[in-house]
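Construct the complete structure from the given sequences, taking the supplied hints into account.
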Amino acid sequence: MLFGIAWDTSSGWAFAVSILPILLIGMWVTIQATVLGFFIALAVGLVWAALKAAPLKIISWPAAVVTEFLRDTPLLIQLFFLYYVLPEFGITLPAFMTGALALGLQYSAYTSEVYRAGIEAVAKGQHEAARALNLSGGRTFTHIILPQAIPRIVPAMGNYLVSIMKDVPLLSVVTVLEMLNVARIIGDRTFNYLVPLSMVGALYLIMTLVASAGVRLLDNWLPKQGIPLK
Amino acid sequence: MDWTQYLTPLTLGAWVTIELTIYSTVFGALLAFAAGIGKLAHNPLIRAISIGYIEIFRGTSLLVQLFWLYFALPVAGQAIGIDLRLPPVAAGVLALSLNIGAYGAEVVRGAIQSVSKDQYEAARALNFTPRKTLWRVALPQAIPEMMPPFGNLAIQNLKDTALVSLISLSDLAFRAEQLRNFTQDSTTIYTLALLMYFGLALILTAMMKLLERFVGRWRAGAR
Numbered sequence: 000m001l002f003g004i005a006w007d008t009s010s011g012w013a014f015a016v017s018i019l020p021i022l023l024i025g026m027w028v029t030i031q032a033t034v035l036g037f038f039i040a041l042a043v044g045l046v047w048a049a050l051k052a053a054p055l056k057i058i059s060w061p062a063a064v065v066t067e068f069l070r071d072t073p074l075l076i077q078l079f080f081l082y083y084v085l086p087e088f089g090i091t092l093p094a095f096m097t098g099a100l101a102l103g104l105q106y107s108a109y110t111s112e113v114y115r116a117g118i119e120a121v122a123k124g125q126h127e128a129a130r131a132l133n134l135s136g137g138r139t140f141t142h143i144i145l146p147q148a149i150p151r152i153v154p155a156m157g158n159y160l161v162s163i164m165k166d167v168p169l170l171s172v173v174t175v176l177e178m179l180n181v182a183r184i185i186g187d188r189t190f191n192y193l194v195p196l197s198m199v200g201a202l203y204l205i206m207t208l209v210a211s212a213g214v215r216l217l218d219n220w221l222p223k224q225g226i227p228l229k
Numbered sequence: 000m001d002w003t004q005y006l007t008p009l010t011l012g013a014w015v016t017i018e019l020t021i022y023s024t025v026f027g028a029l030l031a032f033a034a035g036i037g038k039l040a041h042n043p044l045i046r047a048i049s050i051g052y053i054e055i056f057r058g059t060s061l062l063v064q065l066f067w068l069y070f071a072l073p074v075a076g077q078a079i080g081i082d083l084r085l086p087p088v089a090a091g092v093l094a095l096s097l098n099i100g101a102y103g104a105e106v107v108r109g110a111i112q113s114v115s116k117d118q119y120e121a122a123r124a125l126n127f128t129p130r131k132t133l134w135r136v137a138l139p140q141a142i143p144e145m146m147p148p149f150g151n152l153a154i155q156n157l158k159d160t161a162l163v164s165l166i167s168l169s170d171l172a173f174r175a176e177q178l179r180n181f182t183q184d185s186t187t188i189y190t191l192a193l194l195m196y197f198g199l200a201l202i203l204t205a206m207m208k209l210l211e212r213f214v215g216r217w218r219a220g221a222r
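Listed in order, the protein sequences are those of chains R and Z.
Numbering that gives the first Met the number 0 numbers the first residue of the first sequence as 0 and each following residue consecutively.
Numbering that gives the first Met the number 0 numbers the first residue of the second sequence as 0 and each following residue consecutively.
It is worth saying that the hints were derived from the structure and are not from the lab.
By construction, the Cβ of each residue, glycine as well, lies at the ideal position given by its N, Cα and C atoms.
Hints should not be assumed to be uniformly reliable.
[To be verified] Facing chain R, from chain Z, some residues (calculated, C-beta under 10 Å):
| no. | residue |
| --- | --- |
| 1 | W14 |
| 2 | S60 |
| 3 | W67 |
| 4 | A161 |
| 5 | L162 |
| 6 | T190 |
| 7 | L199 |
| 8 | F213 |
[What the hints assert, rightly or not] Here are the simulated BS3-like pairs of lysine-lysine, each with C-alpha atoms no more than 30 Å apart in a straight line:
| no. | chain 1 | residue 1 | chain 2 | residue 2 |
| --- | --- | --- | --- | --- |
| 9 | R | K51 | R | K123 |
| 10 | R | K223 | R | K51 |
| 11 | R | K123 | R | K56 |
| 12 | Z | K131 | Z | K116 |
| 13 | R | K223 | R | K123 |
| 14 | R | K56 | Z | K208 |
| 15 | R | K51 | Z | K131 |
| 16 | Z | K116 | R | K223 |
| 17 | Z | K208 | Z | K116 |
Encoded structure:
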């Protein structure tokens, strides 16, 4: 019994059907962690991208080193680091928040590159035209560059959303009850790992297929020339 | 405890991490070529197997795959009367290679498809067999194109080896966790572990760059 739902071990199929609602509760946690981690990655990645684009080397260089470090070290260790080290500095977050933060930080290094590439892909003529029309730097960025960069950014960001989803099971090591952790607990108590773990695999396939299809739909729906932000 | 005393156990762990990375990158590369070429095969059975493998291992989480091989496979083996209990090393290397191989397969497929059509037409005009076209014309030009994404996958693989600590393999992540349990000195230990992983990643990046330069000679027109 888990989350007040009992399982039925009389046969393989009955077992699978009885634990499905328990796994779906875990799946909901997985989805929440994915979405929160993704938004942290989008926000922090934008900050890194802006810092790395700074004209002053003293700003851009440390930002480049930090993102390289975040990208090249394992999420698992980053997660442990945040989980055990932050409390030593008086910051105590719930395990779920620590996990989402770790996911967001690791992927912010990746998203910052996507922002950079997306902004650089906007043709140079656009900058020159904006200058010729005497638009200010801020207006050029928000009204000319960003609307054209967003359609280029969306597919790559979608891939990272799916990647984050696949990294959420790591949060189980800091006691977050996401789908894989739930399946393991069921396995520990029933000595049957095959059914719950196979179901988690199948549910993951469904989740990633749905997420990829959603990203493709969004990508097709976005106007390729750019989005008017007004 | 002084931080220098952590170095010996962490270095022992780092060595296991290095071995795991090498094994799984090499096996993963073999799987990537097999499945990537298989996805382009004319035989529908080979194509279906390749696509099934790639989609399953790209569509699920590595940790799920690792736990499935380590915890669920023995149960499945029991049901059909075969002993499928894998030692942690085998389960770890298998899960890592299968996972990175599926990602690599898409790289291999993309690179082979990016070889210009003229090359295939010229090979046909010269009466090359399909096998000879693949080995002598397509692959030598495709491999240099694969190197930058392969470099990223190798780093990905190095980072992913940390997950095997969860099935009790004593790699760098496992040793760090063990030391933290003994000493509670989380800040120093995890900082050291992160720096060691970063150092390994930099070395691996440099090695992949060397390999990239080596295979760059195969590019059409490069002499």
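Verification of the hints:
1. W14: At 16 Å from the nearest chain R Cβ, W14 of chain Z fails the 10 Å test, so the hint is violated.
2. S60: This interface hint holds because 4 Å falls under the 10 Å limit.
3. W67: 5 Å, holds
4. A161: 4 Å, holds
5. L162: 6 Å, holds
6. T190: 8 Å, holds
7. L199: OK, holds: L199 of chain Z within 10 Å of chain R, min 9 Å.
8. F213: 23 Å, violated
9. R:K51 / R:K123: Holds, at roughly 19 Å.
10. R:K223 / R:K51: Holds, because 27 Å separates the two Cα atoms, which is no more than 30 Å.
11. R:K123 / R:K56: 23 Å, holds
12. Z:K131 / Z:K116: Status holds; Cα separation ~16 Å.
13. R:K223 / R:K123: With a Cα-Cα distance of about 17 Å, the restraint between K223 of chain R and K123 of chain R holds, given a limit of 30 Å.
14. R:K56 / Z:K208: 26 Å, holds
15. R:K51 / Z:K131: 47 Å, violated
16. Z:K116 / R:K223: 28 Å, holds
17. Z:K208 / Z:K116: Holds: K208 of chain Z and K116 of chain Z sit about 28 Å apart, inside 30 Å.
Hints 1, 8, 15 from the list above are not met by this structure, while the remaining hints are.
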